[in-house]
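So the chains spell out like this:
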Amino acid sequence: MAQRFVLIVNSDPQSQGGHSALKFARALLESGQILSQVFFYQNGIHASNALNCPASDEFNLLEQWQLLHQEHQVELITCVAASLRRGVLDSELANQQQLASDNLASGFRLGGLGEFVTISAAADKLIQF
Amino acid sequence: MKNLAVINSSAPYGRSNYRESIDLLLANASYDRPVALYFTGDGLYQLVKNQTANAIDAKDISKMFGLLDLYDIEDIYFCQQSLIERNLDPNNLLITGEVLTSQQWFTKLASSDQVVNF
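Same order as they appear, the protein sequences are chains V and H.
With this note's numbering, letter number 84 in the first sequence gets 498, and the count goes up by one each step, no holes.
With this note's numbering, letter number 60 in the second sequence gets 122, and the count goes up by one each step, no holes.
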């Protein structure tokens with residue numbers, strides 16, 4: 415029977431953990447499991463920075479998360495408290511804070527820890543990267 | 063509602079783990095989700111008394127741990143082996159917790175539905 419999974423990504427996108435989260439998410443969906451939410455926390459939030467531009471011969475993690483979102487409508491939630499500290503904002507917050515620009519990548523949505531709590535508390539498995 | 067165990071295994075201040083761990087813990091507790099807090103390894107250094115965090119422009123950690131009471135978080139556990147290795151007295155830390163042997167630690171942790179480690 416399919417189980418409901420939530421992934422919490424604390425690892426920097428430059429680290430293996432940040433990359434493994436994507437691989438695991440894809441493997442879950444390919445094996446017919448339910449991925450209720452991917453919650454980006456701590457340095458994991460850097461994965462949702464739209465200004466990421468790796469060299470052309472390097473793996474583009476951001477593009478792959480966005481592709482996963484498009485293909486499977488997976489909820490990609492970037493923790494708002496963690497991202498305010500680290501400088502990843504959507505247009506609404508950037509306006510609110512009177513900052514020059516916003517940089518939250520499309521496919522991701524800012525959300526509070528409360529969203530993580532409600533979805534993970536109902537999930538069968540929580541996997542941390 | 064699945065219960066959640068939060069493990070603090072890293073020393074305070076060097077990284078943001080100690081702050082973001084407690085943020086996550088309190089958020090869960092505020093939704094009345096059953097939570098437990100575990101300290102192991104250098105994570106136990108978070109509980110040393112008389113820290114002067116303001117000397118390095120950091121937040122006073124003892125105030126954060128003072129909130130555990132307010133949120134009714136009572137399931138707090140310390141790894142005995144880690145305490146011994148660091149010469150820390152469990153009766154002289156910022157908060158009180160139950161000291162667990164390795165065997166007890168893993169048994170207790172295995173009863174958790176979900177675990178996150180900081």
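In short, the hints are calculated from the structure, not lab data.
Because the structure is a prediction, the values reported are computed rather than measured.
Possibly wrong hints are sitting among the right ones.
In silico SDA-like links for lysine to any residue, alpha-carbon gap of 20 Å or less [to be verified]:
1) V:Lys-539 <-> H:Lys-111
2) V:Lys-539 <-> H:Gly-76
3) H:Lys-64 <-> V:Lys-437
4) H:Lys-170 <-> H:Lys-121
5) V:Lys-539 <-> H:Asn-65
6) V:Lys-437 <-> V:His-486
7) V:Lys-539 <-> H:Pro-96
8) H:Lys-125 <-> H:Lys-170
9) H:Lys-64 <-> V:Ile-541
10) H:Lys-64 <-> V:Gly-528
11) V:Lys-437 <-> V:Arg-499
12) H:Lys-64 <-> V:Gln-542
13) H:Lys-121 <-> V:Lys-539
14) V:Lys-539 <-> H:Thr-169
15) H:Lys-64 <-> V:Arg-418
16) H:Lys-111 <-> H:Asn-149
17) H:Lys-121 <-> H:Arg-81
18) V:Lys-539 <-> V:Glu-444
19) H:Lys-125 <-> H:Gln-143
20) H:Lys-64 <-> V:Thr-532
21) H:Lys-121 <-> V:Leu-475
Under 8 Å between C-beta atoms, here's a sample of chain H residues computed to sit facing chain V [to be verified]:
22) Lys-64
23) Glu-82
24) Asp-85
Label pairs and their calculated CB-CB ranges [said to hold, decoys possible]:
25) H:Asn-154 <-> V:Leu-498: 57 to 65 Å
26) H:Asn-153 <-> V:Ser-470: 58 to 66 Å
27) V:Asp-426 <-> H:Arg-148: 41 to 49 Å
28) V:Ser-470 <-> H:Asn-179: 34 to 42 Å
29) V:Lys-539 <-> H:Ala-120: 50 to 58 Å
30) V:Gln-428 <-> H:Thr-169: 47 to 55 Å
31) H:Arg-148 <-> V:Gly-528: 29 to 37 Å
32) V:Asn-509 <-> H:Arg-148: 29 to 37 Å
Ideal Cβ positions, reconstructed from N, Cα and C, are used throughout, including at glycine.
Against the structure, the hints:
{"no.": "1", "hint": "V:Lys-539 <-> H:Lys-111", "result": "violated (36 Å)"}
{"no.": "2", "hint": "V:Lys-539 <-> H:Gly-76", "result": "violated (30 Å)"}
{"no.": "3", "hint": "H:Lys-64 <-> V:Lys-437", "result": "violated (25 Å)"}
{"no.": "4", "hint": "H:Lys-170 <-> H:Lys-121", "result": "violated (31 Å)"}
{"no.": "5", "hint": "V:Lys-539 <-> H:Asn-65", "result": "holds (11 Å)"}
{"no.": "6", "hint": "V:Lys-437 <-> V:His-486", "result": "holds (14 Å)"}
{"no.": "7", "hint": "V:Lys-539 <-> H:Pro-96", "result": "holds (16 Å)"}
{"no.": "8", "hint": "H:Lys-125 <-> H:Lys-170", "result": "violated (27 Å)"}
{"no.": "9", "hint": "H:Lys-64 <-> V:Ile-541", "result": "holds (14 Å)"}
{"no.": "10", "hint": "H:Lys-64 <-> V:Gly-528", "result": "holds (15 Å)"}
{"no.": "11", "hint": "V:Lys-437 <-> V:Arg-499", "result": "violated (27 Å)"}
{"no.": "12", "hint": "H:Lys-64 <-> V:Gln-542", "result": "holds (16 Å)"}
{"no.": "13", "hint": "H:Lys-121 <-> V:Lys-539", "result": "violated (33 Å)"}
{"no.": "14", "hint": "V:Lys-539 <-> H:Thr-169", "result": "holds (19 Å)"}
{"no.": "15", "hint": "H:Lys-64 <-> V:Arg-418", "result": "holds (12 Å)"}
{"no.": "16", "hint": "H:Lys-111 <-> H:Asn-149", "result": "holds (14 Å)"}
{"no.": "17", "hint": "H:Lys-121 <-> H:Arg-81", "result": "holds (9 Å)"}
{"no.": "18", "hint": "V:Lys-539 <-> V:Glu-444", "result": "holds (17 Å)"}
{"no.": "19", "hint": "H:Lys-125 <-> H:Gln-143", "result": "violated (27 Å)"}
{"no.": "20", "hint": "H:Lys-64 <-> V:Thr-532", "result": "holds (10 Å)"}
{"no.": "21", "hint": "H:Lys-121 <-> V:Leu-475", "result": "violated (34 Å)"}
{"no.": "22", "hint": "Lys-64", "result": "holds (5 Å)"}
{"no.": "23", "hint": "Glu-82", "result": "holds (5 Å)"}
{"no.": "24", "hint": "Asp-85", "result": "holds (7 Å)"}
{"no.": "25", "hint": "H:Asn-154 <-> V:Leu-498: 57 to 65 Å", "result": "violated (36 Å)"}
{"no.": "26", "hint": "H:Asn-153 <-> V:Ser-470: 58 to 66 Å", "result": "holds (59 Å)"}
{"no.": "27", "hint": "V:Asp-426 <-> H:Arg-148: 41 to 49 Å", "result": "violated (28 Å)"}
{"no.": "28", "hint": "V:Ser-470 <-> H:Asn-179: 34 to 42 Å", "result": "holds (36 Å)"}
{"no.": "29", "hint": "V:Lys-539 <-> H:Ala-120: 50 to 58 Å", "result": "violated (34 Å)"}
{"no.": "30", "hint": "V:Gln-428 <-> H:Thr-169: 47 to 55 Å", "result": "violated (37 Å)"}
{"no.": "31", "hint": "H:Arg-148 <-> V:Gly-528: 29 to 37 Å", "result": "holds (35 Å)"}
{"no.": "32", "hint": "V:Asn-509 <-> H:Arg-148: 29 to 37 Å", "result": "violated (48 Å)"}
Hint compliance for this structure: hints 1, 2, 3, 4, 8, 11, 13, 19, 21, 25, 27, 29, 30 and 32 are broken, all remaining hints hold.
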